Amino acid sequence: MLVILRDLLRYNLEFRIGLVLVAIVLVMAGLSFVSPYPPGDVYLVPPDVPPSSAYWLGTTSRGQDVFWQLTFAIRNTLSFGIMVAVLSRLIALVVGLLAGYSGGWLDRVLMSINDTFIIIPLFPILILFYFVLRDSMSTPLLATIMACLGWSYDARLIRSVALSLKTREFTQTSIFSGMKTHEILAREHLPYVLPIVFSTTMNNMNWSIGIEVTLAVLGFTDINTPTIGGMIYWANQHTALVAGIWWWIAFPVALVVMTFIGLFLLAVSMNEYIDPRSRLARMGGSR
Amino acid sequence: MSAAPGRAPVLQVRDLQAHFRTRYFGVDREVRAVDGVGFDVRRNEIYGLAGESSSGKTTLVKTIAGLLKPPLEMVGGSARFSFLPEWDAVGRAPPEVVRRIRWRHLSYIMQGSMNVLNPLRRIRHSFRDFAWRHIGGGKREFDARAAAHLERVRLDPSVLSAYPHELSGGMRQRVTIALATICKPDFIIADEPTTALDVVVQKDVLGMIRSIQREMESSILFITHDMGVHAALTDRLGIMYAGRLVEDGETPEIFGRPLHPYTRHLIASLPRIGDVEQREGLEGTPPNLAMPPPGCRFHPRCPLAMPLCATTVPAMVETLPGHRVACHAVNPGAAA
Amino acid sequence: MSALLELDKVSKSFSRGGLFSSRRVDAVKEVSFTLDDGRPEIFTVIGESGSGKSTLARMILGINAASSGQVRLAGRDVASYERRAFMAQVQPIFQNPFEAFNPLKRLDRYLFMTAERFGGAADRAAAEELADGALRQVGLSLAEVSGRFPHELSGGQLQRVAVARALVARPRLIVADEPVSMVDASLRMSIVNLFGRLRDELGLSIIYITHDLATAYYISDRLIIMQKGMVVEAGPARAVLSAPSHPYSRQLRDAVLTPDSAGAFRARHPLKAAATPGATP
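Protein chains in written order, with the working numbering: chain F, 1 to 287; chain A, 1 to 336; chain E, 1 to 281.
Rather than coming from a laboratory, the hints here were simulated on the basis of the structure.
These figures come from a predicted structure and were not determined experimentally.
Heads up, a few of these hints could be off.
Below 35 Å or equal to it, Euclidean Cα-Cα: the simulated DSBU-like pairs (lysine-lysine) are [claimed, not checked]:
no.: 1; chain 1: F; residue 1: Lys166; chain 2: E; residue 2: Lys105
no.: 2; chain 1: A; residue 1: Lys69; chain 2: E; residue 2: Lys29
no.: 3; chain 1: F; residue 1: Lys166; chain 2: A; residue 2: Lys184
no.: 4; chain 1: F; residue 1: Lys166; chain 2: E; residue 2: Lys29
Quick look at which bits of chain E chain F covers, simulated, 3 or more residues with Cβ under 8 Å [said to hold, decoys possible]:
no.: 5; segment: 29-42
no.: 6; segment: 65-73
no.: 7; segment: 82-92
Yeah, the Cβ is synthetic: ideal placement off N, Cα and C, and Gly gets one too.
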C-alpha cells in the first residue's frame, strides 16, 4: 500500500493535485481544534469586517470569524461525509458480495430491496424525515439515513463483480479447500472488490456532502451545528450577498469546491492504479 | 535458404526481434518475446508455426501483420512481403497503404470468430463492411459474389441473412474464413483458427482451409500449438521455443526426421491411439522471457546439453537440404 | 465388492429463456455407471463441448444436484452428505491451472487450509508436513511452492499444485475436468502420467473428463463416450477406442489428428453438402 502511494505521488499528476487539495481541507479541519472561539457562540468579534490582517477571511454579520468558523464547518461536513461513506460502503459490501455469491432467492430478495432504494426519490424522503424528526434531527442521524439511502448503486456494482468471481475456478478451489462462505467472501472476493470500494468512497463522500449542503442551505438540517451548508444558510438569512458581505458565502463555497475536486481527483487516480488488472500487471503476472 | 524454382517467397522474415517494453512504477521490464527469428513463406504453401504458450508465436504473427501496439515493439530485423516492396514491414508502411493491402493482399483468420463478426449485424453486412470496398461493383452483384464464395466454404447462401449467434461455432469460423478469402488475398495469417472448435468440426474446417488455399494458390502462415494439426495440414513447419525458431523444414521431413531435441520430444511425447508405449513429459518449465537463460534457451531442459550450450547461441544451419536446425549437438561449431 | 461411486440414471436439465417462453434443455440424460471400491481405476468421460461432460462432473462433485436419478458415494446419495464430509472424500481438479488459485493470494494457503479442514492437521506444523508430503508425490516440494503467487509458476507446475492440494484431503475419488487441455504439450504427459501413478501407488480412483482421445487411450481403464448428454458407447478404454462401434465414436476417432496423419489434407477435400443455418445447435 505504501509503495502504491509512493508511486502514485511520483507518476500521477491528478493524484498530486488531489492530495494537495484534500490536505489543505484536512489542515483547515484540523485547525478547528485550536480555534480561539467556541463554534456556537455569536457576537465574539466585530460584525461585517472584510478580510484583513486581523480577520483573514473577514467576519460574519453574526459576529463570528469566518476563518475559524470555516474550520468547524469543514470538520463537521467532512466527518459527515466519511460517516455516510463508511456506513453505506459496509451495507453495499455485505449486500453486494452476498447477493452475487449466493444467487438464488437471497439474490432476488436483496436485489429487489436494492432496486427499491435506487428508484426512491431521495430528496423528498430526506425532507420528510426532517419534518417528522424536527428537533431530534442530528448530524449522526442524518448520516445514518443518508447511508441507508446511498448504498444501492454500489451494491449492484459489487454484486456484478461477485457474480463473475463466483464462476471463476478458484472459488471452487476455495470451497473444496474447506473454506466457509464468509471466509470466501472476506478473503477471496473482497480484494477484487476493494478497489471499487475505494474509488466509490470518494464519490460517495462528494455525493453526501453535496446533499448535506443543499439540505442545510434550505434549512432542513440541524442549523446549530456549523457545517458548510449551515454557514451558507446563515449568510442567506442575513442577506449577505445583498449587503455586500460576499466573503461570508465565497469562502465556504470555495472550500467545499476544493473538497469536491480534491476527492474527485483522488478517486480517479486511485481507480486507475488499484484496478486489479494493473495491480496484477505490476506484480508481473502476464495473464 | 534456397527457394525452389517457381516458389518465390511471399514473406521473408529476417532476424526479427520484438520485445515487450513495460514500465510499471518506474521499473523497466523488457520481455524478449521474439528474438532473432528468420524464415520464408513461399507462394502457394501453408507454413506452420508450432510452439507452446509463451513461445512467442502470437507476438511473431502480430509483428509480421503490423498489429503491434505498445508495450509491444519491433526492435530489429525485417518482415518483408513481396506485394509491399518498399516497406520492410506492414507495421512501418503508411496507414493508407496498409488499408489498401488489408483483405486484398493480406488477411487474417483469428481464433475468436465472434470478435470479427458484429453480433448485431447480419453476416451480409459484415461482408459488405470488409470486402465491398476492395471488390467494388453493385450491391446485388457483390451479394451474389459473397453467396457464391460461401458455397465454396460449404455454407448455404442463406447464411448471409443470419446473425452470428444463429450459427454454430464451426459455421461462424467458416464465415470468417470466407471473409478472409473473398478478396483472394496473396497471404493469409491464421492464428489458432481451429483451437476453439471440436475435433470433428476442426477436421472439417482444416480440410476447407486446405482446399480453398489450393484453389486460390495463396500462402498461409498457420499458427497452432497442436502438432497433429501441423502434421495433417502444413507443407512446411517451423518450431518455436522461447522466442526463437529452433527448427524448420518440410513438414513430413520434420516429423520423419526431427533433429532438434525439443522437436523430437514434442513429437515423441504425443500419445497415439493403438500405441501403449510409455511417454514422458519434459522436465523443467519454459523459461521466463524477461530473464532468458544465456546461450541456447532450451539447454536447461535439454537431454543433450553440453557446456557450450549454456554460453553460446546456436546458429540456424541448413543441416539437411531445406531442413534447418539450431542446435550445437546437431551442428558442431555453429555459433550465431 | 462394494461400489465407491454409483450413477443411477442421472439426468440434469436446465430451463432456458424467459418467464413465459422457457424451454427445458437436457444437459445430461440418464447416465449410469459404477466405480468399484478396492479396484482403483481411471474412468474417462469423453465428449465434445455441449456433450454434458462438465455438467456430469459438477453433479458428481455435488456442486449441482441431479434433476432425476441418483449419484451415490459409498452407497449414500451425494445430496444427503454433509458437504464437508463429502469433500473430504471427493476432490476436484479443474481445467485452467492459472484460474485454479486466486491470483492475488499465495498458493500455500490453499494447501494448509485443506490440510487443516480435511487432512486432519491439528496445527500449522502438521499442515506443512501434509502439504509437503502431497507436493512430493507430484514431484514438487513445499520449499518450491511456499510463499509463491500463482503467476510465478508455469501451467504444468500449477496443475501439479492443484493435484497436490486435492491429495492433501486424502480423498477416495478425484474428479478432473479437462485437466491437461490448457497445459503445454511438453508438460502434458507428466500430468497424465501422474494420474497413472496416483492410481497405481495410492489406489486412488480418478474420473478423467476430456475431449482428447489419445490421452484417454494412453491412461484410462474404462471410458464412456457422451454425445448431447447421452452415453453412446461404454467399455474398456483400449478396446472401445481401437474399434469403436457407435457411428459418433467412429467419427470422433477418425477426426483425431496425430503425427501419423501427415498429409491428411494434401488431397483435395471432397465437397460435401452445404450446411444450412441452425443445422447444428
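Against the structure, the hints:
no. : hint                  : result
1   : Lys166(F) / Lys105(E) : holds, 16 Å
2   : Lys69(A) / Lys29(E)   : violated, 48 Å
3   : Lys166(F) / Lys184(A) : violated, 46 Å
4   : Lys166(F) / Lys29(E)  : holds, 27 Å
5   : 29-42                 : violated (count 0)
6   : 65-73                 : violated (count 0)
7   : 82-92                 : holds (count 4)
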